[in-house]
Amino acid sequence: MSLLVELDVTPTASDSMGRPNLLKMVTTILKSILDAAALRLISHSQKRCLLFASAYIKYVNSILHTPNQHHSNSRMKLGDSKLTSLYLKSSFSYVAKLLNWFLTDPHLSHLLVAASYLASDLLDLFSFLEPSLGSRHTSWFAPTAKPWLPDLILALGSRWIKDEEPDKLVHEEADKGRECPMWIQTLASLELAEIDLLNNQEVKEESESSSFSSGGHSLFKKLVGMVVELLRKGDPKIRWAIGAFFMSWLECGLARKDCGLVLGLVRFVYVKVMGCGDGCCVEDHGMMVGCMKEILSIIDEALQDSGVGQEGKKKLQTANAMLESVCMLHA
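Throughout, the working numbering is defined as the position within the sequence shown, counted from one, plus 12.
Please note that a few of the clues may not be correct.
Label pairs and their in silico Cβ distance ranges [claimed, not checked]:
{"id": "1", "residue 1": "Leu209", "residue 2": "His119", "range": "45 to 53 Å"}
{"id": "2", "residue 1": "Pro118", "residue 2": "Gly246", "range": "44 to 52 Å"}
{"id": "3", "residue 1": "Ser309", "residue 2": "Ser55", "range": "41 to 49 Å"}
{"id": "4", "residue 1": "Arg60", "residue 2": "Thr156", "range": "19 to 27 Å"}
{"id": "5", "residue 1": "His56", "residue 2": "Asn211", "range": "31 to 39 Å"}
{"id": "6", "residue 1": "Gly228", "residue 2": "Lys36", "range": "49 to 57 Å"}
{"id": "7", "residue 1": "Ser337", "residue 2": "Met37", "range": "46 to 54 Å"}
{"id": "8", "residue 1": "Pro118", "residue 2": "Glu336", "range": "35 to 43 Å"}
{"id": "9", "residue 1": "Ala67", "residue 2": "Gln316", "range": "35 to 43 Å"}
{"id": "10", "residue 1": "Arg60", "residue 2": "Met340", "range": "19 to 27 Å"}
{"id": "11", "residue 1": "Arg268", "residue 2": "Lys59", "range": "28 to 36 Å"}
{"id": "12", "residue 1": "Glu241", "residue 2": "Ser121", "range": "22 to 30 Å"}
{"id": "13", "residue 1": "Glu241", "residue 2": "Asn211", "range": "21 to 29 Å"}
Hints are computed from structural coordinates only; laboratory data are not their basis.
Heads up, the beta-carbon is just placed ideally off N, CA and C, and yes, glycines get one too.
Let's have the full structure, built from the sequences with the hints guiding it.
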């Protein structure tokens, strides 16, 4: 497809073209891809379309995460923020519609891995927007994103929903070597901050677990709340699939000895996704037990690792207790 040209989006190129102009150009291309998809003119380029959309969102995330060094503060200049926000609103909707198209076409099930990666890229965008552009220029994002959250949920859990053995972790070859997405790290940090608040700990110095508890992520927390509400009201199998998705990233945290990531994700699954609390789970979560047992065995190994410090082991023990409480109900 001729629209899928190679774009030079290096910092030098984007600065010389002008960041808003580049975003405007790519947004126009995304709209053209959607128009072509509606006319079924991209039957031989579906994967390229997904990869193009994913590469674009990754680029946007990179400029939001690493603002222009020439700017006097950590946020973009006001003019850039306004234009960037305008084009991001349109391009997000176009990419989300493209994702919806892939999810609803039964002939494109072979692209579920790529669709899952694209959904994760969009969620990274959620976590970068407000810290970079400020709440004033991102208030539009929650109402714009809300209609597409079910598609993001389905895309993230699609590999587990279709799996013939739903009680096992899915290990895709393409997942090997992938870094943990920023939105997952942000989510885990927010959970750790909640633990601090629940324990009535007054954190006087900024730390990894509490740095997200103050400002800068209210939009992300609002969107996560919407996702949790959808999961609670939705099909239990989809809820399980999302739980398994997060469980799959626990291996990444354990591999790099990031015990905070492990505890944060386990707590999110345990409290928010599964609705457990005070040591009790009111629903049947038997489908998740298989993957939980896999994680428990890996945590047990980590607890024996001399390279994990005492604080890290405390976090792993807390996560271990949550997982065991569910497994014991289905023993």
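Here is how each hint holds up against the structure:
no.: 1; hint: Leu209 x His119: 45 to 53 Å; verdict: holds, 48 Å
no.: 2; hint: Pro118 x Gly246: 44 to 52 Å; verdict: violated, 20 Å
no.: 3; hint: Ser309 x Ser55: 41 to 49 Å; verdict: holds, 44 Å
no.: 4; hint: Arg60 x Thr156: 19 to 27 Å; verdict: holds, 26 Å
no.: 5; hint: His56 x Asn211: 31 to 39 Å; verdict: violated, 56 Å
no.: 6; hint: Gly228 x Lys36: 49 to 57 Å; verdict: violated, 27 Å
no.: 7; hint: Ser337 x Met37: 46 to 54 Å; verdict: holds, 52 Å
no.: 8; hint: Pro118 x Glu336: 35 to 43 Å; verdict: holds, 39 Å
no.: 9; hint: Ala67 x Gln316: 35 to 43 Å; verdict: holds, 41 Å
no.: 10; hint: Arg60 x Met340: 19 to 27 Å; verdict: violated, 48 Å
no.: 11; hint: Arg268 x Lys59: 28 to 36 Å; verdict: holds, 30 Å
no.: 12; hint: Glu241 x Ser121: 22 to 30 Å; verdict: holds, 28 Å
no.: 13; hint: Glu241 x Asn211: 21 to 29 Å; verdict: holds, 26 Å
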